[in-house]
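Please work from the sequences and hints to get the whole structure.
Residue numbers (the working numbering), protein chains in the order written: chain A, 35 to 346; chain B, 226 to 744; chain C, 190 to 483.
FYI, nobody ran anything at the bench for these hints, they're computed from the structure. One or more hints might be untrue.
Calculated pairs, BS3-like style, for lysine-lysine (alpha carbon to alpha carbon, straight line, at most 25 Å) [unchecked claim]:
| no. | chain 1 | residue 1 | chain 2 | residue 2 |
| --- | --- | --- | --- | --- |
| 1 | B | Lys-744 | B | Lys-727 |
| 2 | B | Lys-324 | B | Lys-374 |
| 3 | B | Lys-485 | C | Lys-252 |
| 4 | B | Lys-491 | B | Lys-252 |
| 5 | C | Lys-426 | B | Lys-583 |
| 6 | B | Lys-378 | B | Lys-684 |
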Amino acid sequence: MTAFLVRRLGFACITLFAVLTIIFLIVRILPGDPAQVILGDQADAGAVAAMRTRLGLDRPLLVQYADFLSGAIRGDWGVSLVTGRPVIQEVLSVLPWTIELTLYALLIGAAIGIPLGIWAAVNRNLFTDYAIRIASLLGLSFPAFVSGILLLIGFAIQLRWFPVISGQRATWTQWLQSLVLPAVNLGLIMAAYITRVTRSAMLEVLSEDYVRTARAKGVPWQAVVWRHALRNALIPIITIVGLYLGVLIGNSVLTEIVFNRPGLGKLIVGALNQRDYTMLQGMMVIYTLLVVAINLATDVVYGVADPRVKLQ
Amino acid sequence: MIRRTLLAGCMGLALMTGIAGQALAQKTTLTVGLASADTGVLDPHMNSATPGKSFMQQIFNGLVRLKPGEISPEFIEPDLAESWTASPDGKVWTFNLRKGVQCHHNFGEFTAEDAVFSLKRAATRETSTFSSDYAAFESVEAPDKYTVKITLKNAIPSLLGVVMNYHGGQMICKAAVEQMGNEAFRRRPIGTGPFAFAEYVPQQYGKLVANDLYFRGKPNFREITYRLIPSDAARDLAFQAGELDMLYARQDQTAFSRLKATPGVKALAMNPAEMSVIHLNMTMPPLDNIKVRQAIAHALDRDGIQQFRGREVSRQAVSVVPSGYVGTLANAPLLPHNVQKARELLAEAGFPNGITLKTIHTTLPGMMTFMEAVQAQLRRAGITLEITPVEHATFHQQIRQNLSQVVHFQAARFPVADVYLSQFFHSRATVGSPTGVTNFSHCKVADAEIDAARSEPDKAKQIALWHEAQRKIVTEVCAIPVNEQLQLWAIKDSLDLGYEIKGALNLGPAVLETSKFTK
Amino acid sequence: MSLAATARPRSGFARVASATLRAFNTNKTSWVGLALFLIVLIIAILAPWIAPHDPIEQDIFSKLQGPSATHWLGTDYYGRDILSRLMYGARYSLIIGIAATAFAMVAGSVIGMLAGYYGGRFDTITMQVMDILLAFPSLILGLIIVAMLGPSLLNIIIAIALTSIPSFARIARAPTISVKEREFVEAGRSLGYSDARILFVHILPNITAEILVMFSLWTASSIRTEASLAFIGLGLKPPTPTWGGMIREGFENILESYWLAMMPGLAILIVVFALNLLGDGLRDAIDPKLKGEQ
Chain A
35 MTAFLVRRLG FACITLFAVL TIIFLIVRIL PGDPAQVILG DQADAGAVAA MRTRLGLDRP
95 LLVQYADFLS GAIRGDWGVS LVTGRPVIQE VLSVLPWTIE LTLYALLIGA AIGIPLGIWA
155 AVNRNLFTDY AIRIASLLGL SFPAFVSGIL LLIGFAIQLR WFPVISGQRA TWTQWLQSLV
215 LPAVNLGLIM AAYITRVTRS AMLEVLSEDY VRTARAKGVP WQAVVWRHAL RNALIPIITI
275 VGLYLGVLIG NSVLTEIVFN RPGLGKLIVG ALNQRDYTML QGMMVIYTLL VVAINLATDV
335 VYGVADPRVK LQ
Chain B
226 MIRRTLLAGC MGLALMTGIA GQALAQKTTL TVGLASADTG VLDPHMNSAT PGKSFMQQIF
286 NGLVRLKPGE ISPEFIEPDL AESWTASPDG KVWTFNLRKG VQCHHNFGEF TAEDAVFSLK
346 RAATRETSTF SSDYAAFESV EAPDKYTVKI TLKNAIPSLL GVVMNYHGGQ MICKAAVEQM
406 GNEAFRRRPI GTGPFAFAEY VPQQYGKLVA NDLYFRGKPN FREITYRLIP SDAARDLAFQ
466 AGELDMLYAR QDQTAFSRLK ATPGVKALAM NPAEMSVIHL NMTMPPLDNI KVRQAIAHAL
526 DRDGIQQFRG REVSRQAVSV VPSGYVGTLA NAPLLPHNVQ KARELLAEAG FPNGITLKTI
586 HTTLPGMMTF MEAVQAQLRR AGITLEITPV EHATFHQQIR QNLSQVVHFQ AARFPVADVY
646 LSQFFHSRAT VGSPTGVTNF SHCKVADAEI DAARSEPDKA KQIALWHEAQ RKIVTEVCAI
706 PVNEQLQLWA IKDSLDLGYE IKGALNLGPA VLETSKFTK
Chain C
190 MSLAATARPR SGFARVASAT LRAFNTNKTS WVGLALFLIV LIIAILAPWI APHDPIEQDI
250 FSKLQGPSAT HWLGTDYYGR DILSRLMYGA RYSLIIGIAA TAFAMVAGSV IGMLAGYYGG
310 RFDTITMQVM DILLAFPSLI LGLIIVAMLG PSLLNIIIAI ALTSIPSFAR IARAPTISVK
370 EREFVEAGRS LGYSDARILF VHILPNITAE ILVMFSLWTA SSIRTEASLA FIGLGLKPPT
430 PTWGGMIREG FENILESYWL AMMPGLAILI VVFALNLLGD GLRDAIDPKL KGEQ
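Set out below in structure tokens:
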């Protein structure tokens, strides 16, 4: 187990290093000049050159790279080229928004998806099953920005249940109001996904011998489904949903744009538009860290939860 | 159709209840919607973009200021300076400062020393985008605590224009920069205006609080929040829902008409207008042939573009300097719309089958819609315009690298002809050179006139020189001015800003100490 | 030789063909998916002949009109006919979706097969790279790639393909590992066949079915990613009509004319839904155990 962990950690480190290098290069290949963006369209070429010097962008690429790497190792990702605030501070200021959105979307998704998935599995090939499967496919087919726009028109404009710009969060109700529409938008997509995963995991478990045995012993159907089958189906559900988090974060970019909600996605799109090199680097490193961590955790959880999985 | 009516009905109802609900209590907080995810760097000497300027203008004063709501230099009035004098040759200027003005957040009294520091900072390339505005400055001194003396190497078109509450003329407090350093100052700008900087949350909002020590009196509003909402639709929706009191509207006639027809809303079309100019790079064939350039000018239909953009929100361009600036040639010999003539000229130039031109263009929606309309007009004259859309940052870099045959640039400048002419049509400003600014066409026919006008002390002669420069540039067809788009904002009817809003040089209506809600 | 030949299972194509028939027999929704998709495909192919108007001809005097007899779905901001733009837009959505997925399918399958076949350190490193690519939000990856390369048809195809290569690699790798242990591969190896021959003649046919099924599902996803990129502003050159670009324009006009965003939104929904229905049904037929999983 320890050897396994050490090996996985080693790989994670090598991966991170490679990714850091690629990120550094990509960011510098991008056309566009941060100095020009900062100074605006009235600056002359000389002023832009002076700004490049001030930002340290005129140094040799290798020097910049060494600087970036040593900074990254020390956990210092520099300051945003545009706003002058530390990258880490900017990221931390929006991270709670993204985590909150992702978490509640996951909750909504699980609350809708797991019961629906079970219901469909239990009624396999009956009308309910087909209806749920088609509905969930439809949910998966919705581009996040289209569903977001529809929710916005319906609930914020016509019904006025929620504010259009979800930013005020001084009171408990304001906080709830600012969260509901974006979380529901992402949550519905998540629900469609979880429904399908749950259904297939349940079908698999329900066909196992011990379930049949339990049935044969006269354990009530309800108890078999909820107590025995679901518990065993949960492991694959959690694993696959964990892998899906990356997709969820991607969808959250669109959701954040439509609902004008702060978050990692909007931060990275903004940094991209402004060619904020340091910010882009920091953001990509964080994404990579998240990904590597999730993969590592998934592996470990899977290994611990299911002794049948060999830890190579 | 029925659904449409229903939707409109629902929205109207929603809007009415929204505004009624808001109006019950007289608010002392103001919420403004800006069209950006970021205000940019919070340094008045660096930021030249709309969101940053409209946010920061409340924080700073100039030695002089433009009367609120006006944009022409003839409306200059005292600000931090109570009075000023100029030597007869226009080279020595003396300003007498108001006494007892306090910097925000207890950074002490604003004195001549601060003004000198601020102007010198604005004139330094490392700390200012606008340093070239101060190229003619020989010295800035503080003979005593309340006197500022500026000595120029040569007279310039508008000295007051560079010491007023605009760009580098915005006065910052020396103690603040010295104590915090430039980097920290940019996160917490300190000035003397009616509102002081409170906080800035990326992607969300910037907040200002009342400066109760303001020299013109205690502001009515306690707090102003500038919400950062890049999407036009989301901002518009938020305004309709009553969550914003004032917003940078969608720059479009249809949206403007709807806002105008909405009860309880005042829609504003303000100067300065941003002029859309099609610059033709004369070093790149076939644009080195004047017949081709003339053909393009004939192919463009200014009236059609104005119709497309909207009669209330845009004007037809009159010259290569926007209308209403000091020195604009109101009847420049622009070529009229004539598709037949355009085709003939192309044939004469040796392109009977038409030409294909390439342009690199920003994806910003407002500018792109204009260019697509231009593209369609050129198509009718046999001119194919290939638009390569790139993001705004890439656009700004690549058009300065001579990568685009045709450059669409949309801008407003300080309303004196010299600025537009020097930045866009003087050979010094040619892109690619070390002194390059935004001369994309490589135009150089009017250098002599532009330079002569700069230091011409006789106003009438100066204007005659500017007129001659424009005549030459238009005849050479370095660039084709097409349309001027006004700045569109909307405010709630109940919001009284305290002045008549005709324009806003800082690209957003200024909130004054006297601004308040009337209901 | 004879051993390898007899032990070789039916080819992947035959399996897909029979599975498709089975799918269509047992799963009526597959028919619906196929029919919807074919309708869109035909419209896309015939667009130049059946579109009522020129999709890029502007008419500023009739801009932002609601549905009418001349313009069935109304006009856009430039007075262009929305129905015609939708029809032409189908071409770009399908070209990008199919080309990007095909590219990803080929590249991903080769990578996955090689990783699965050779195993060891090569496998671990390759799959680690794939994992990172896979879990990186594809939209953000696409954004950065398109910003780097510029938004041309080819570049958008490359960007979307890069985001889906890892999925195909994963799909190809697992069956390769299980197949390579089977007797007929062992036999082939003992007969001295080259790796390439074993991979392409013996292993490839066994994983074709799974990969082809994934093709329809990932085409759906590619079409959605293309629309998302265009929505954010990194779409094809104007005046090219693309669905995502139309939604972007429509979103800015949403208060005046909601149908501008609604129509292309529905178009995307229909195509993606059709492909999902189709792929879902096919997968059920090929591997009933996987039924309903994505």
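Here's how the hints hold up against the structure:
1. B:Lys-744 / B:Lys-727: It holds: about 23 Å lies between the C-alpha atoms, which stays within 25 Å.
2. B:Lys-324 / B:Lys-374: 17 Å, holds
3. B:Lys-485 / C:Lys-252: 19 Å, holds
4. B:Lys-491 / B:Lys-252: Distance of about 18 Å is within 25 Å: holds.
5. C:Lys-426 / B:Lys-583: 12 Å, holds
6. B:Lys-378 / B:Lys-684: 19 Å, holds
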